[in-house]
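Each of the two chains sits in its own frame; use the hints to bring them together as a complex.
Chains L and R, in that order, give the protein sequences.
Take the first sequence: its position 3, counted from the start at 1, is 3 in my numbering, and no numbers get skipped.
Take the second sequence: its position 246, counted from the start at 1, is 246 in my numbering, and no numbers get skipped.
Don't take every hint at face value.
Stated by the list, open to error - Only some residues are given here: those of chain L computed to face chain R with a beta carbon under 10 Å:
1) L52
2) T183
3) L185
4) V186
5) L195
6) W197
7) G295
8) V299
9) A301
10) I302
11) T317
To be verified - What follows is a set of in silico ranges between Cβ atoms, one per label pair, in the way DEER data are often shown:
12) T304/L x R89/R: 29 to 35 Å
13) V190/L x Y210/R: 57 to 63 Å
14) L331/L x Y210/R: 39 to 45 Å
15) G176/R x K39/L: 44 to 50 Å
16) K54/R x D239/L: 30 to 36 Å
17) A96/R x L195/L: 29 to 35 Å
18) L42/L x F281/R: 51 to 57 Å
Keep in mind that the hints were calculated from the coordinates and are not lab data.
Where a beta carbon is used, it is the ideal one built from N, C-alpha and C, also for glycine.
Listed below are the residues making up each chain.
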Amino acid sequence: MPQNESVILRHVFCKGSILPEYLQTTKDKEKERGFSVLKKVLKRILISIPVLIGVVLAIFIMLRIVPGNPVTTMMGEHVNPAVIEKVSKEMGLDQPYYFQFIKYVANALRGDFGTSYRLNRNVTQIIVEAFPHTVKLSVLAAVVAWIIGLTAGVIAAIRQNKLLDRLFMGCALMGVSMPVFMTALVLQYVFAFKLKWFPVSGFDSLNAMVLPAIVLGWNSAGSIARMTRSNLVEIMQNDFIRTARAKGLRESGVIIGHALKNAMLPVVTMMALQISSMLSGAVLTESVFGVPGIGRLAVNAIETRDMPLLQGTVIFTTVLIIIGNLVADLLYNVLDPRIREGE
Amino acid sequence: MTGMKTDLNMHSQVLEAELGGNGPEPEGFPGHEGELGEADTWMDKAKTLVRQNKLAAFSAVVIVLIILAAVFAPLAAPYDHLEQSLADRLQTPSMAHWLGTDELGRDVLSRIIYGARISLTIGLVPTLISMAIGTVLGMAAGFYGGKADFIIMRLADVMLAFPSLLLAMVVMYTMGGGLINIFIALSLINWASTARVVRAQTLSLKEKEYVEAARSIGVKKWTIMFRHILPNCLPSLIVLFTLNIPSAILSEASLSFLGVGAQPPSASWGLMVVRGKKYLFSEPWLCIAPSVAIMIVVLAFNFLGDGLRDVLDPYLKEQ
Numbered sequence: 001m002p003q004n005e006s007v008i009l010r011h012v013f014c015k016g017s018i019l020p021e022y023l024q025t026t027k028d029k030e031k032e033r034g035f036s037v038l039k040k041v042l043k044r045i046l047i048s049i050p051v052l053i054g055v056v057l058a059i060f061i062m063l064r065i066v067p068g069n070p071v072t073t074m075m076g077e078h079v080n081p082a083v084i085e086k087v088s089k090e091m092g093l094d095q096p097y098y099f100q101f102i103k104y105v106a107n108a109l110r111g112d113f114g115t116s117y118r119l120n121r122n123v124t125q126i127i128v129e130a131f132p133h134t135v136k137l138s139v140l141a142a143v144v145a146w147i148i149g150l151t152a153g154v155i156a157a158i159r160q161n162k163l164l165d166r167l168f169m170g171c172a173l174m175g176v177s178m179p180v181f182m183t184a185l186v187l188q189y190v191f192a193f194k195l196k197w198f199p200v201s202g203f204d205s206l207n208a209m210v211l212p213a214i215v216l217g218w219n220s221a222g223s224i225a226r227m228t229r230s231n232l233v234e235i236m237q238n239d240f241i242r243t244a245r246a247k248g249l250r251e252s253g254v255i256i257g258h259a260l261k262n263a264m265l266p267v268v269t270m271m272a273l274q275i276s277s278m279l280s281g282a283v284l285t286e287s288v289f290g291v292p293g294i295g296r297l298a299v300n301a302i303e304t305r306d307m308p309l310l311q312g313t314v315i316f317t318t319v320l321i322i323i324g325n326l327v328a329d330l331l332y333n334v335l336d337p338r339i340r341e342g343e
Numbered sequence: 001m002t003g004m005k006t007d008l009n010m011h012s013q014v015l016e017a018e019l020g021g022n023g024p025e026p027e028g029f030p031g032h033e034g035e036l037g038e039a040d041t042w043m044d045k046a047k048t049l050v051r052q053n054k055l056a057a058f059s060a061v062v063i064v065l066i067i068l069a070a071v072f073a074p075l076a077a078p079y080d081h082l083e084q085s086l087a088d089r090l091q092t093p094s095m096a097h098w099l100g101t102d103e104l105g106r107d108v109l110s111r112i113i114y115g116a117r118i119s120l121t122i123g124l125v126p127t128l129i130s131m132a133i134g135t136v137l138g139m140a141a142g143f144y145g146g147k148a149d150f151i152i153m154r155l156a157d158v159m160l161a162f163p164s165l166l167l168a169m170v171v172m173y174t175m176g177g178g179l180i181n182i183f184i185a186l187s188l189i190n191w192a193s194t195a196r197v198v199r200a201q202t203l204s205l206k207e208k209e210y211v212e213a214a215r216s217i218g219v220k221k222w223t224i225m226f227r228h229i230l231p232n233c234l235p236s237l238i239v240l241f242t243l244n245i246p247s248a249i250l251s252e253a254s255l256s257f258l259g260v261g262a263q264p265p266s267a268s269w270g271l272m273v274v275r276g277k278k279y280l281f282s283e284p285w286l287c288i289a290p291s292v293a294i295m296i297v298v299l300a301f302n303f304l305g306d307g308l309r310d311v312l313d314p315y316l317k318e319q
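Chain R with its partners taken away, still in its complex shape (with noise of 0.2 Å):
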């Protein structure tokens, strides 16, 4: 969860600093370095990203594997991940359980591989609703400027302001567990970050001649800010969603692990965790093997954001 808030914020304001903001300059991050090369289509996009940053190449497969684990979890999961066998309850890892069995005689990796359909959902759909959220108030604020900047960024700092953490507990305790509140809760708490980058994009973004241009031809404001400002704003905000994920997704294992997120019998990684810990000195795998788990996934969100903002951030772009 540290590692949550702190990417949050990082990032959003490395990417604000990038945008002309006042946040601290950009970040560094290894296999960053040499001529970023002319490119102008996606693809040439993500030619660049495999030439220049193998490591977020790897990532992104590493990434399209644990997305097909989780969709086809049936058909890749050994076991059936609720399946409860009490005679093989606490095994150590063999051939016939990789990664051993829990204290239920479920097999863990099974549990892994239909954990990953509860993370990737976690690290996806609140990511999304929260930087639709973020985008919409962010261009506003910057496009319109005036009180309208002010109370959106005033309410953008009190977001801010919370430890994450503490606030989705609060959420949590109003709503009760479950991964629907977790949804809820993370959709609400996250968009504040999003928002800052997107109003310092648009601040700069609309003193463009075609956005001057447009306006003077009678365009109306929402149609500039969709048509000519938000796919300005695109590069920025993919970068921010990959590296969002992983913040969404170790939100999500924090919150389990304290009790407050998913409930028993969901094979959420953090659940898994915090029942393996029970287990910690007898049979360590039980809450290392979620952690590694949620540890991959986050570490090939991490070095895929970095190396698409090398390949898509206007700023590094002139360097």
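If we strip away everything but chain L, and leave its shape as in the complex, we get (with noise of 0.2 Å):
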């Protein structure tokens, strides 16, 4: 049709309704495409909401169905009734579970998530004082694991089929495989113990941060190198490859410039599932190490049977993976074109 009838007849038509495709202009497409991305991240924040307040729930009620009293699997059996009764008061545990659990959202929104039994301190200062080295650990981790993941996985790749596919596949398979706590222990005795390059413990210098960084990394690092493999080797048989082959590129140009950037997307999602396993993989590694991070806060407080600690960290750590989850997602909609543009 030519451009001008288009015009004419969008005049004619258009009272600002979504028009026939065949009449649409690009900007109208554009226009329509940013409604459906919207609508897109309005939709998934949504569904956000329940899974949260369902999970603070979950919590709510796993902490509370203890047979018997709260306070008594707190401070165990042989405590005086009076005391027991007089804590269930001042934690607001004689309230109705309704009521309790409005009253711990009510503050929780407001960054309040009670007091420690044991610590007698308020969770959330407690909570935000341990965060940053978790922070620090998994960022560190996520750096090993990307760069040993992704040289592996496109080495891997390349090599397909070959020794070095199969020795790297192996361990990254190994990697998967080994508990984390394994992989701690063994580098601390060999690289703490042994040849004393790094400390046994702590998380004060950045090289008492190395081992347990490799530690937690070295577990998604063979998930990555997995997926970027199997993505790689898939991509690599497409029609652009040949073409960006046939115009005469260098191999590594069609590897890091077309190939790669395809592969990384679904591992793009896959990181964000990862957030998830390495505040896991923090627990383990963080009470191996001694790194005074969230794990190790939930760890003390099943030791000393601390139930609001245990319930803020635990509800702290779920509200960041799934708000972890919604930004890949949403990322994952700005990175790949096809699901930008609502193919």
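If you want it as structure tokens, here you go:
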């Protein structure tokens, strides 16, 4: 259809409504795409809300269906019933469950997760102090995971079915299969005790952070390597790769500029899933290396039977994961033009 | 544990992707190349597995050997796993004690062999229970759709949002340590990934002609689900089952390592590692030996799962 005719028809039919596709200009299409992306983003955010409420509710119920009184679980069985009653009252545990829940959520929304029973301090404050350590550990671990995982994945894909491929993929599966504490103990023994390159525990200097970061990153590196390899192998068979090669690009250019760019998309989403597993792994890594982060806080809370602290750390961590997944999902929308443009 | 959660999520996502879900693209694995051939019966599939993925077949043999050792532990173990002998405490590996002795003079190898009973039971039972729950809920969500789907899948979202180790720790806090409680904790936690995979598959299967035919002659919904849809989900479920077992084993080991799982004098591998940790710098075998045992079992199941996915999965078969 000639351009001017299309413009006339557009003026005749267009009343701000959605036009048939053959009448749409690029601007219209962009506007519609903008709306659809916005709708998608809003929908995704709205879906997260019931999940968030569900998470808080689940933890809340779980910690209160303790056989007997939660305070008895916290303080032990041989405590004076009068003391238990007093503490229950102080913690508001004598009130109806629904009231406790609403009060807890209302306080949590204001950033108040209650008071730690053992440390007698605000849970939020304790978490805020511990959190930077976990973030530092996770970020360093992610860097380790990406460097090892990507390199191994790309090399394995290029040398597909060769010795190097099998070797790297075997190592990757081993990385996924090794218990985090095993990696931690082996590295501690070899690099801290035998070679004395790094301190055995602690998290106060960059040198001390190396081993925990490698331990936590090693596991994710395995997953990233496996995924990068399989995506890359699949993408290398596409027509556009053949075209890139045919137009005389160097192999490194083909892989980095064309193949890897496409192969990275699912890996980005996987990284979001890794937030959750990293935080799980952080619990073990932090307790082996004595890192004063969130994971160790949770373990301490269980050891000292500190319910408010346990509740706070688990809810805080889970909310963090939900937000992380949300961001990764939205990022995926932005990164992948096929999804972005609603194809 | 990291491995556990990662793998669980990863594998369920991989299967979901293969079944037409929204997860990332299928993952690669060593030794998977070449034609898959026409494999119809289970026997044919087993032969295909042996022919095309030697590592998976080898892993299957390793698993059978470990199961045999666990079942016949009193015959396989050189000593009683609970027998203490303080005179022989903390001995280095020798001909008499292949993997040395622990701080109470118990033979480490015997404890590892008995520990296999715990690990395999933890690997199998909670996985079966959680997968049964996940399968029923996933099928119901996919088949009924609408509100049922929304509620079940949001529940699954909630379960998947938790870092599994922390959630298991909370359950163990509530119920106390011990193996039975680990069973319950892991059964309650791990159903969500199965539900997602089964739902994705049910969604595509319910559009098939034979389901429509069954429906048109008035077959009841639950009968359609269990007679027509479930058998077609089986290959994916078997793969998922094989891959969920190592996750459960790692969970138990991690929980026991953190002191909220199995309790002494149980020969749980995780517990052995944490008790051996005190002697890491003087008697490293005390924690390395049970860790290696965990790794071998987990690795064997992962290799087998990868191989089975190769043979059983309809998506890959079409390639």
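Hints, verified against the model:
1. L52: holds (8 Å)
2. T183: holds (9 Å)
3. L185: Constraint on L185/L satisfied, holds at 5 Å.
4. V186: holds (7 Å)
5. L195: violated (13 Å)
6. W197: violated (15 Å)
7. G295: holds (8 Å)
8. V299: holds (6 Å)
9. A301: holds (8 Å)
10. I302: holds (5 Å)
11. T317: holds (6 Å)
12. T304/L x R89/R: 29 to 35 Å: holds (31 Å)
13. V190/L x Y210/R: 57 to 63 Å: holds (58 Å)
14. L331/L x Y210/R: 39 to 45 Å: holds (41 Å)
15. G176/R x K39/L: 44 to 50 Å: 48 Å Cβ-Cβ, so the 44 to 50 Å window holds.
16. K54/R x D239/L: 30 to 36 Å: holds (34 Å)
17. A96/R x L195/L: 29 to 35 Å: With a Cβ separation near 32 Å, A96/R and L195/L satisfy 29 to 35 Å, so the hint holds.
18. L42/L x F281/R: 51 to 57 Å: Holds - the Cβ-Cβ distance for L42/L and F281/R, about 56 Å, lies within 51 to 57 Å.
In terms of the numbered hints stated before, the structure departs from hints 5 and 6, listed from lowest to highest.
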